[in-house]
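A.B. asks: What follows is each chain in one-letter form.
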Amino acid sequence: MRLSHLLAAGAAVLALTLGSGAADAQALDRILKDKKIRITAQVDSAPFGILGKDNKPTGSEIETARQLAKDLGVELELIQVSGAQRIPALLSDRADLAISSLSITSERAKSVWFSSPHGALSIVIGGPKSVNIKSAADLAGKKIGMSRATLEEQEVPKIAPPGTNIVFFDEHAATQQALLTGQVDAIGSAAFLINDLSKKAPDKQLEVKFTVVTAYYGIAVKPGNFDLLQWVNSWVFVNKHNGVLAKIYETHTGVKLVDLPAM
Amino acid sequence: MTYVFQFGIVFDRFHELLQGAWLTVQLSAISMALGLSLAIVCAFLRTTGPRPVRWIVAAYVEMMRNTPFLVQIYVIFFSLPAIGLRFEANQAAVVAMVVNLGAYATEIIRAGIQSVPIGQIEAGRALGLTRIQVYRKIVLFPAVKAVFPALASQFILLLLGSSVVSAISAKELTAIANTMQSTTFRAFEVYIVVTVMYLAIAVAFRGFFAAVYWLVFVRGRA
Numbered sequence: 005m006r007l008s009h010l011l012a013a014g015a016a017v018l019a020l021t022l023g024s025g026a027a028d029a030q031a032l033d034r035i036l037k038d039k040k041i042r043i044t045a046q047v048d049s050a051p052f053g054i055l056g057k058d059n060k061p062t063g064s065e066i067e068t069a070r071q072l073a074k075d076l077g078v079e080l081e082l083i084q085v086s087g088a089q090r091i092p093a094l095l096s097d098r099a100d101l102a103i104s105s106l107s108i109t110s111e112r113a114k115s116v117w118f119s120s121p122h123g124a125l126s127i128v129i130g131g132p133k134s135v136n137i138k139s140a141a142d143l144a145g146k147k148i149g150m151s152r153a154t155l156e157e158q159e160v161p162k163i164a165p166p167g168t169n170i171v172f173f174d175e176h177a178a179t180q181q182a183l184l185t186g187q188v189d190a191i192g193s194a195a196f197l198i199n200d201l202s203k204k205a206p207d208k209q210l211e212v213k214f215t216v217v218t219a220y221y222g223i224a225v226k227p228g229n230f231d232l233l234q235w236v237n238s239w240v241f242v243n244k245h246n247g248v249l250a251k252i253y254e255t256h257t258g259v260k261l262v263d264l265p266a267m
Numbered sequence: 015m016t017y018v019f020q021f022g023i024v025f026d027r028f029h030e031l032l033q034g035a036w037l038t039v040q041l042s043a044i045s046m047a048l049g050l051s052l053a054i055v056c057a058f059l060r061t062t063g064p065r066p067v068r069w070i071v072a073a074y075v076e077m078m079r080n081t082p083f084l085v086q087i088y089v090i091f092f093s094l095p096a097i098g099l100r101f102e103a104n105q106a107a108v109v110a111m112v113v114n115l116g117a118y119a120t121e122i123i124r125a126g127i128q129s130v131p132i133g134q135i136e137a138g139r140a141l142g143l144t145r146i147q148v149y150r151k152i153v154l155f156p157a158v159k160a161v162f163p164a165l166a167s168q169f170i171l172l173l174l175g176s177s178v179v180s181a182i183s184a185k186e187l188t189a190i191a192n193t194m195q196s197t198t199f200r201a202f203e204v205y206i207v208v209t210v211m212y213l214a215i216a217v218a219f220r221g222f223f224a225a226v227y228w229l230v231f232v233r234g235r236a
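Read top to bottom, the protein sequences are chains X and F. Numbered by our numbering, the letters in the first sequence go through residues 5 to 267 in order. Numbered by our numbering, the letters in the second sequence go through residues 15 to 236 in order.
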């Protein structure tokens with residue numbers, strides 16, 4: 005094939021991609037007509053999305069998706085994604101909604117539209133009762149462990165006073181083990197993980213020292229899908245006030261859902 | 015799609031990588047010295063010690079050579095505190111590297127010892143030298159000379175293997191790179207720079223070993 009043919013074929017593919025990528029102003033109508041909604045499912049982020057005993061996806065975000073589809077009166081199709089694919093799946097029209105513990109950030113808001121928050125994740129400092137930490141200032145001189153590539157890795161150094169010894173591990177299991185074996189004084193971690201850990205090792209008397217930051221999760225749609233976003237926002241409003249969202253969250257994470265602000 | 019390289023982010027924080035590289039060099043150098051000493055003692059016990067001692071050394075060597083380095087590090091850092099033996103991350107790293115290198119080097123030196131002609135050892139014994147004197151004055155020198163290239167390779171492997179100790183929060187070169195990568199998302203740039211740094215360190219160590227070989231085995235005993 006000659007080069008000009010290749011270029012022409014490339015241009016055609018590009019035009020098709022761009023064309024199908026245009027916003028679908030009648031997304032809600034289409035979903036209602038097809039009687040099917042496609043929602044992302046990230047199954048490697050317990051307790052928000054995991055594979056249950058029978059290999060069926062479950063977790064707080066996936067149960068939220070099930071509830072939403074039920075209330076909309078359509079069939080649910082779960083689109084399995086990795087963490088990095090949550091937004092691309094929306095943008096490439098593989099999914100109508102992303103409900104995968106996607107925290108609302110101004111960076112992400114450049115590429116997707118968020119609903120009002122329907123969930124939250126608090127990053128806390130947790131440690132044994134015997135370690136005296138009440139606020140960020142008490143971190144000075146302490147050895148604080150945390151896992152790389154997490155929200156705590158970004159947020160804890162910002163509030164840590166000079167003299168805090170922050171050490172990093174590659175995964176949560178190692179960070180938690182370091183806390184249990186006393187290799188670190190405390191760890192920065194998601195609140196529910198501290199809760200989990202204190203149940204597994206009650207003799208260590210672990211507790212949450214203070215909250216560093218709370219990230220709020222939203223449901224994301226592809227930019228342009230006004231009608232769908234409008235319905236999702238109403239749905240979040242209703243289920244925030246009737247307690248359904250809080251109940252799903254607490255069942256799966258074991259911690260209370262914080263007050264969700266409106267957006 | 016074209017990827018735009020941004021090495022500026024890496025070089026702005028280059029001093030952090032240098033600190034990490036320096037710790038890598040320190041951890042490796044200490045472990046090489048202690049590991050070699052351990053291996054010389056173990057190789058002696060393995061070849062000339064009483065039978066039960068030989069078995070103990072053999073058991074140690076086989077245990078270290080047949081379990082993953084990462085697991086050994088975890089045992090030292092996470093399991094030993096349970097019996098009251100607590101090491102800081104850097105100490106745990108050195109202990110792990112020493113016992114690991116010790117096992118491999120024991121086998122290398124043992125091979126060297128077995129290459130020394132038996133007549134040479136018998137001659138020493140006939141002259142009235144003790145076992146330890148024979149080992150020190152007659153066996154060790156030609157044995158180490160014979161296996162020096164293999165030892166040097168093992169040392170370099172240890173240096174490169176030291177990247178694994180980032181798993182227990184030792185802040186060596188790989189640990190710094192991992193952290194930098196996860197905060198800047200510039201994985202490609204960070205790891206390219208770190209690769210070049212490891213290469214430079216390894217080449218420097220090889221140069222050092224070549225100099226030692228020349229000074230001790232070539233010029234010393236021409």
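No wet-lab data here; the hints were simulated from the structure. Ideal Cβ placement from N, Cα and C applies to all residues, glycine included. Among the clues, some could well be false.
Some, not all, of what chain F presents toward chain X, calculated at C-beta under 8 Å [unchecked claim]:
| # | residue |
| --- | --- |
| 1 | F91 |
| 2 | F92 |
| 3 | P95 |
| 4 | G98 |
| 5 | S177 |
| 6 | A181 |
| 7 | S183 |
| 8 | A189 |
| 9 | T193 |
| 10 | S196 |
| 11 | T197 |
Okay, the calculated beta carbon distance ranges per label pair [claimed, not checked]:
| # | chain 1 | residue 1 | chain 2 | residue 2 | range |
| --- | --- | --- | --- | --- | --- |
| 12 | F | F25 | X | K251 | 47 to 57 Å |
| 13 | X | P165 | F | W228 | 47 to 57 Å |
| 14 | X | T215 | F | F28 | 29 to 39 Å |
| 15 | X | L36 | F | D26 | 44 to 54 Å |
| 16 | F | A43 | X | K251 | 56 to 66 Å |
| 17 | F | I23 | X | L55 | 52 to 62 Å |
| 18 | X | P165 | F | A72 | 45 to 55 Å |
| 19 | X | P165 | F | T209 | 31 to 41 Å |
| 20 | X | P161 | F | L84 | 41 to 51 Å |
| 21 | F | R233 | X | P161 | 44 to 54 Å |
| 22 | F | F28 | X | P165 | 17 to 27 Å |
| 23 | F | N80 | X | P206 | 53 to 63 Å |
A.B. asks: If any of the earlier hints don't hold here, list their numbers in rising order.
C.D. replies: 4, 5, 17, 20 and 23
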